[in-house]
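Enquirer: Spelled out from the first residue to the last, the chains are:
Protein chains: 2
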Amino acid sequence: MIIEHSQMEVETKTNLREGKGSVQMTLLGGRQLQKHCRILSEVLIPVGASIGPHSHSGETEYYIILEGTGLVDDDGKLVNVKPGDVVVTGGGATHSIEGTGKVPLKLIAVIVTDA
Amino acid sequence: MIIEHSQMEVETKTNLREGKGSVQMTLLGGRQLQKHCRILSEVLIPVGASIGPHSHSGETEYYIILEGTGLVDDDGKLVNVKPGDVVVTGGGATHSIEGTGKVPLKLIAVIVTDA
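Protein sequence lines, in the order shown, are assigned to chains A and B.
Count along the first sequence from 1, then add 1; that gives the number in this note's numbering.
Count along the second sequence from 1, then add 1; that gives the number in this note's numbering.
Isolated chain A, as found in the complex (with noise of 0.2 Å):
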């Protein structure tokens, strides 16, 4: 199945887990993912704007940073990410993650569950 770009539901999400700002989600895989995939979906963060600190218990989730600059905190860490680089959350372990430099964070976020 093709599921083409014009035709995918995009959500905005405002204060994302208590972040800063709206960010929008395109939902890339459709409603209907396959059953251990819990989210598939290309993520716009504007430039301050930012997904709040959360943790992940029982899946892991992979953000692939496709354009712009990031400031994450990876489970107490402060690291600065940039396009091709991946963060990695799992194991109950929290992040979070605002668009930082001059263009919006685009990133595909990917969640894949344990059970």
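One thing to keep in mind: the hints can contain errors.
Said to hold, decoys possible - Pairs of lysine to aspartate or glutamate, EDC-like flavour, derived with a Cα cap of 20 Å:
1. Lys107(B) - Glu5(A)
2. Lys78(B) - Glu5(A)
3. Lys83(B) - Glu5(A)
4. Lys36(B) - Glu60(A)
Don't read these hints as lab results, they were simulated from the structure.
From a predicted model like this one, the values you see are computed outputs, not experimental measurements.
Given the structure of chain A, go ahead and fit chain B onto it with the hints provided.
Expert: This is chain B only, laid out in the frame that chain A set:
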């Protein structure tokens, strides 16, 4: 955990699934992925190169097109794909993909397994 792009392992696969030429796969999540995630890679397919037809049973593969254009055989139906489009293949369906146009086709491949 943050994996910097420069630290990622890159594999070159020639005639992948009996496709044409060579494709490059960058392992985005390292060698040890979440247990239901079999592949999480950036795939670079030069113009004219391809991944030949193959099916997916007991798992679902998502191709998220990032750059370039491609020709996909989507379980028997030929479809042109462009950045932002997603190819979803599971339940025993078959797919192949070839780089077309003028620049290499770049995509992210995610395979999530059922069991």
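Enquirer: Against each hint, give a clear statement of whether it holds in the structure.
Expert: Against the structure, the hints come out as follows:
{"no.": "1", "hint": "Lys107(B) - Glu5(A)", "in the structure": "16 Å, holds"}
{"no.": "2", "hint": "Lys78(B) - Glu5(A)", "in the structure": "15 Å, holds"}
{"no.": "3", "hint": "Lys83(B) - Glu5(A)", "in the structure": "8 Å, holds"}
{"no.": "4", "hint": "Lys36(B) - Glu60(A)", "in the structure": "9 Å, holds"}
Going down the numbered hints, you'll see the structure goes against none, and every one checks out.
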